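Sequences listed follow chains G and E, in order. Sequential numbering of the first sequence, starting at 46, is according to my numbering. Sequential numbering of the second sequence, starting at 3, is according to my numbering.
Be aware that one or more of the hints could be misleading.
[Unchecked claim] Cut-off 27 Å, straight-line C-alpha distance, at most; resulting in silico cross-link-like pairs (DSS-like, lysine-lysine):
no., chain 1, residue 1, chain 2, residue 2
1, G, Lys218, G, Lys192
2, E, Lys188, G, Lys195
3, G, Lys202, G, Lys218
4, E, Lys45, E, Lys183
5, G, Lys202, G, Lys216
6, G, Lys202, E, Lys45
7, G, Lys167, G, Lys230
8, G, Lys195, G, Lys216
9, E, Lys120, G, Lys202
10, E, Lys12, E, Lys45
11, G, Lys230, G, Lys207
12, E, Lys183, G, Lys202
Keep in mind that the hints were calculated from the coordinates and are not lab data. Only a predicted model underlies this, so the values are computations on that prediction, with no experimental measurement involved.
One-letter residues, chain by chain:
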Amino acid sequence: MNDVKREFGNLGTQNTANPYAHPQAAAIMEECRTMLLMIPEGRRLLAFAENNHVALHIITGREPAFRVGDDNTAFLICPATTAAVDLHVAACNLACAIRAAEHASIGIARPDYANPTADLPKITFEHFLDIIYETCIIAHEFEVEHKSTKLVDFVEKLGHSKMYREVSSGKSKQEVAPLLAEIMKY
Amino acid sequence: MIWHRLDRDKTLDMISRVKSTGEAVLFSPVTSEAKCSRLPFFKTYMLYRLTNFSSLPVFTLDYISNGESFSYMDGSDSPIRHMVDAGELTLTEENIIAYINFYFCYVRQPEGEMIILKNLAEAATIDLYDEDRREEFDAQPENISLEHNIETGNFCVVTEILYDSSPMEAIIDVSFDGRIKVTPRKMLTLDLIQ
Numbered sequence: 046m047n048d049v050k051r052e053f054g055n056l057g058t059q060n061t062a063n064p065y066a067h068p069q070a071a072a073i074m075e076e077c078r079t080m081l082l083m084i085p086e087g088r089r090l091l092a093f094a095e096n097n098h099v100a101l102h103i104i105t106g107r108e109p110a111f112r113v114g115d116d117n118t119a120f121l122i123c124p125a126t127t128a129a130v131d132l133h134v135a136a137c138n139l140a141c142a143i144r145a146a147e148h149a150s151i152g153i154a155r156p157d158y159a160n161p162t163a164d165l166p167k168i169t170f171e172h173f174l175d176i177i178y179e180t181c182i183i184a185h186e187f188e189v190e191h192k193s194t195k196l197v198d199f200v201e202k203l204g205h206s207k208m209y210r211e212v213s214s215g216k217s218k219q220e221v222a223p224l225l226a227e228i229m230k231y
Numbered sequence: 003m004i005w006h007r008l009d010r011d012k013t014l015d016m017i018s019r020v021k022s023t024g025e026a027v028l029f030s031p032v033t034s035e036a037k038c039s040r041l042p043f044f045k046t047y048m049l050y051r052l053t054n055f056s057s058l059p060v061f062t063l064d065y066i067s068n069g070e071s072f073s074y075m076d077g078s079d080s081p082i083r084h085m086v087d088a089g090e091l092t093l094t095e096e097n098i099i100a101y102i103n104f105y106f107c108y109v110r111q112p113e114g115e116m117i118i119l120k121n122l123a124e125a126a127t128i129d130l131y132d133e134d135r136r137e138e139f140d141a142q143p144e145n146i147s148l149e150h151n152i153e154t155g156n157f158c159v160v161t162e163i164l165y166d167s168s169p170m171e172a173i174i175d176v177s178f179d180g181r182i183k184v185t186p187r188k189m190l191t192l193d194l195i196q
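The following block holds chain G by itself, in its conformation from the complex (with noise of 0.2 Å):
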């Protein structure tokens, strides 16, 4: 699972002072930094990152995800047990942090779930969507760039083969909406 460079060993102790602090992050972004840069998307979502400050951080959590703060601050979450950390996946966790980050720029509305409104269900769709289609997107770029199919793997475990199809074929958001849609039943 762990197809990281470094040996990180099996570093589980929790750090008292502060238990979300990852033992491992430096070399974790470092790692997936690395990654993204092999590929054009990330190589223009770690460039928009640093033009438009966006903080990057990484914390433990059980389940590897990624999350943004309304600061947008962008959360990259690995389980503490490092030799549990999949780096494509945190890689591209990471690439979709940045670009829901991004998304106040090209005019992707936030969901506001703490102050919902009547088109929050419209635009919880299209912030997924869009995420999904960056899932694919990166995907692509490393089947393509690199042979690499383990984010293919990962999409298709997320249960969106169908649409990573079509987005590797070279359909467009809009083109690959309604596959989404009918996932969530919107």
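With chain G fixed as given, assemble chain E onto it according to the hints.
Coordinates of chain E only, in the frame set by chain G:
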């Protein structure tokens, strides 16, 4: 799981106890809710969940706690070790499956995702990203063999699991102090499932 929502004062108290300076944006008192649920294998500690609705996607942070001391579920087994050291963990034949389900849900394995299947047919349809399914700690498998060594306190469970997306029959050894070792025994093919 049956969740009990915390009132506003208890929610704010919980946030004050668990928040960190570096990740302050994740602990917004205005947009967060807290709830707790009993776990049958801990004497007094419960599972607490803090949900922040202002982050994207909605962000949950889970802890094992007695309401005052909170151990963050960071994907390692450290919080469980703390419970064992505190004398909280009590494993019985009645709660061992719930414990294994909890462990698989909260302790990330290097081998990948693991979950006890309710039955073979579930392997074809289960969604590992369905949080409700992952948190069905009380889900009992139809096919199971359970041995409990009264002298050592250890358990040996043989049942069908999903082992990194592959359905397997596996031996799950659980020590008296909650350490788990999974040994895949036999891969289950689609023919067998169907």
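Hint by hint, here is what the structure shows:
With a C-alpha separation of about 24 Å, the suggested pair Lys218 (chain G) and Lys192 (chain G) falls inside the 27 Å cut-off, and the hint holds. A distance of roughly 25 Å separates the Cα atoms of Lys188 (chain E) and Lys195 (chain G); the hinted pair therefore holds under the 27 Å criterion. Proximity of Lys202 (chain G) to Lys218 (chain G) is assessed by CA-CA distance (about 20 Å); at most 27 Å being required, the pair is judged to hold. A distance of roughly 23 Å separates the Cα atoms of Lys45 (chain E) and Lys183 (chain E); the hinted pair therefore holds under the 27 Å criterion.
At roughly 21 Å between alpha-carbon atoms, Lys202 (chain G) and Lys216 (chain G) fall within 27 Å of each other, so this suggested pair holds. For a cut-off of 27 Å, the pair hint linking Lys202 (chain G) to Lys45 (chain E) is broken: about 37 Å separates their Cα positions. Taking the CA atoms of Lys167 (chain G) and Lys230 (chain G), the gap is about 12 Å. The hint holds against a cut of 27 Å. Annotation: proposed proximity of Lys195 (chain G) to Lys216 (chain G) holds, straight-line Cα distance about 21 Å (limit 27 Å).
For the proposed pair Lys120 (chain E) and Lys202 (chain G), the alpha carbon gap of about 20 Å is at most 27 Å, so the pair holds. Taking the CA atoms of Lys12 (chain E) and Lys45 (chain E), the gap is about 21 Å. The hint holds against a cut of 27 Å. As the CA atoms of Lys230 (chain G) and Lys207 (chain G) are separated by approximately 16 Å, the hinted pair is consistent with the 27 Å bound. Taken as a hint, the Lys183 (chain E) and Lys202 (chain G) pair is honoured in the structure, with Cα atoms around 25 Å apart against an allowance of 27 Å.
In the structure shown, a violation is registered for the earlier hint numbered 6 alone.
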